[in-house]
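Novice: Order-wise, the sequence lines are chains V and R. Taking the working numbering, the leading residue of the first sequence gets 1, the next gets one more, and so forth. Taking the working numbering, the leading residue of the second sequence gets 1, the next gets one more, and so forth.
No lab work stands behind these hints, which were simulated from the structure alone. No residue lacks a Cβ here, since even glycine has one placed at the ideal position from N, Cα and C. A hint or two may mislead.
Calculated lysine to any residue pairs in the SDA-like style (CA-CA distance at most 20 Å, straight line) [to be verified]:
#1 K108(R) x D160(R)
#2 K41(R) x M331(V)
#3 K74(R) x Q316(V)
#4 K159(R) x V224(R)
Not the full set, but computed from the structure, chain V residues with beta-carbon under 10 Å of chain R [unchecked claim]:
#5 R46
#6 R81
#7 S318
2 protein chains.
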Amino acid sequence: MEFELLHSDKGSKARAGVLKTDHSEIQTPVFMPVGTAGTVKGVHQRELSEEVNAPVILGNTYHLYLRPGLDVLKNAGGLHRFMNWDRSILTDSGGYQVFSLAANRKLKEEGAYFNSHIDGSKHLFTPESVVDIQRIIGADIMMAFDECTPWPCDLKYAKDSMGLTHRWLERGLKRFHETDSLYGHSQAFFPIVQGSVFPELRKESAHFVAEQGAVGNAIGGLSVGEPAEEMYAMLEVVNAILPEDRPRYLMGVGTPVNILEAISMGVDMFDCVMPTRNGRNGMLFTAKGIINIRNQKWMNVHSPVDPDGHCFADTQYSRAYLRHLIISGEMLGAQIASIHNLSFYLWLVRRAFDEIKNGTFSSWKEKMIPALSTRL
Amino acid sequence: MEFELLHSDKGSKARAGVLKTDHSEIQTPVFMPVGTAGTVKGVHQRELSEEVNAPVILGNTYHLYLRPGLDVLKNAGGLHRFMNWDRSILTDSGGYQVFSLAANRKLKEEGAYFNSHIDGSKHLFTPESVVDIQRIIGADIMMAFDECTPWPCDLKYAKDSMGLTHRWLERGLKRFHETDSLYGHSQAFFPIVQGSVFPELRKESAHFVAEQGAVGNAIGGLSVGEPAEEMYAMLEVVNAILPEDRPRYLMGVGTPVNILEAISMGVDMFDCVMPTRNGRNGMLFTAKGIINIRNQKWMNVHSPVDPDGHCFADTQYSRAYLRHLIISGEMLGAQIASIHNLSFYLWLVRRAFDEIKNGTFSSWKEKMIPALSTRL
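Please model the entire structure based on the sequences and the hints provided.
Specialist: Shown next as structure tokens:
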């Protein structure tokens, strides 16, 4: 994996770059659609390529490990072939899902014990085993196993949790260096900064992570319920320490506003279920604001979903029609809203790239923030 | 609406023709995908055009009347514009759904009283009101209001029911002739033959229907649980009476085998939820047989869903991947299976057209029937 920083904004910490994997060139800042179980819900792969223009998507190790399972993924020759996606894939380490989905989870020094949320079967994830699993999945970018510290939590919990994440990181890195890619393409490994909302812990964690010399670094444990201002404060602390010449990935974030603010603080990569999950429920993000398509005001609005939109669904369907589909629980409603929101998110980061390149990012961002927050 | 009979098979009663509406030319035999509430579940309109190649789809009057409702449909300028579908639409009369879905339904001479299955609100469908509703929907082909006689039923019930359907037909036809299309395109009105599985009733009903001189005629009350042989026996009776120079539409049928058999008995038009509903549950129809994609045997079959298939999904996804999606309850699984099955059904009827034209329909059909019934 190579990362090249192309432009740095003068009015902010925003950066424009390009990340090259063996599968695609990824212009940064970038948003990665979430493809939980090897599919971005409701969106065909060709739509992800041609309409959303996503250069990279995310897969969830926890879900893929349980279903379809490692045997199937190995037989397929990895997730790229299994799902027929020839651009890049990043996988998380599974830690977050173990804590949010699995039953009877138990955290020990050796790893996380849990029962499958599907059939109750017992499993253990260790820093080593999640590297092995991600080798089998074949992600272009693999993530270290960490504990995503819950919010709120006290200083002692956060410090202990961070310590465990750091020890796990060393074990994961060791396994990463001892093993090879299975399918002939190279794989990168990103460590994760933790430390909750405590600046001193975040600093310590960022230094620890930076010292590992990884090709890219991630910031975890944010956007877990804390006020946005606390998240931004932590980003400022962490990004002052993480190396400038490596991509920075803010995990699980967020709204379009969160993304622009984080870009301005030097973040390069994002993922979030919001565009798809909220889309399925009828929330549409546009450059002019947020639409709750269930609202009665759209009942007889027979004009395009988003006249300024960037995918076929924006102009081929009307707001009144989309409202009808969402209210009726029709799959097509979820499909249209998902593809719209993803194509909007990808447009937003591409546009941010252009504005950074042109030296106009800050003024553009100041104009966009109020628009993006408007309720239409 | 115009119908031209192009070829008649020598070895059977099969016919190839073309039906022209103001929206499209429909080669017959034809299969019409079911778009219940103004959407074929899981399939984008452009996929219906470009991948499935459907020249006509079906809408359900009952569903559309309840949601989005007549106000929205009228404001949109009819269903074609509402859903952005510029080819033909046929709507049923709503009778079937009143009896299968609605609560507290009561059949009277004047019409059918029922409570909405969505919110319990009270409604009355009459032979006249369903014409008015279908005028607002703007279907190219509207259907008469009928009672779809349940199976099994005794002769007296079937005879009384048929009598009611005939009286309703006269009322519906009267309203049809007294009213005009609202959106500038012409609309046809098809009466429906009933009579359950009683040949004498079917004959009487077919004569009654034929005498109305409609531009096309439908056969209802079949494929409601009776053995296929009884259905075929009724088709033979009815098609001997219905005029040869008008299209014959067999409502709600069926499996690929049912369709080929009915084509050989002179049926021209079909609709059924089977390709989409069964598809969502993992049943795939192919030229080589039926696949239950949930079966463990497909777990590691990393070859195309249908190498002989006719839509992008057939070759872009594997059986192992589709199995994983269906088992995991992922929307994309339902999307792929629906588009595959519909594209197969439309291929089947297009191929039937070609075989009739070439005078080879019967031998082709004899070869296809065992293949289509095979469990792969």
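Novice: Taking the hints in turn, state whether each one holds.
Specialist: Here is what the structure says about each hint:
1. K108(R) x D160(R): 12 Å, holds
2. K41(R) x M331(V): Since the Cα atoms of K41(R) and M331(V) sit roughly 6 Å apart, the hinted pair holds (cutoff 20 Å).
3. K74(R) x Q316(V): 19 Å, holds
4. K159(R) x V224(R): 17 Å, holds
5. R46: 7 Å, holds
6. R81: Holds - the Cβ of R81(V) comes within 10 Å of chain R, reaching about 7 Å at its closest.
7. S318: 7 Å, holds
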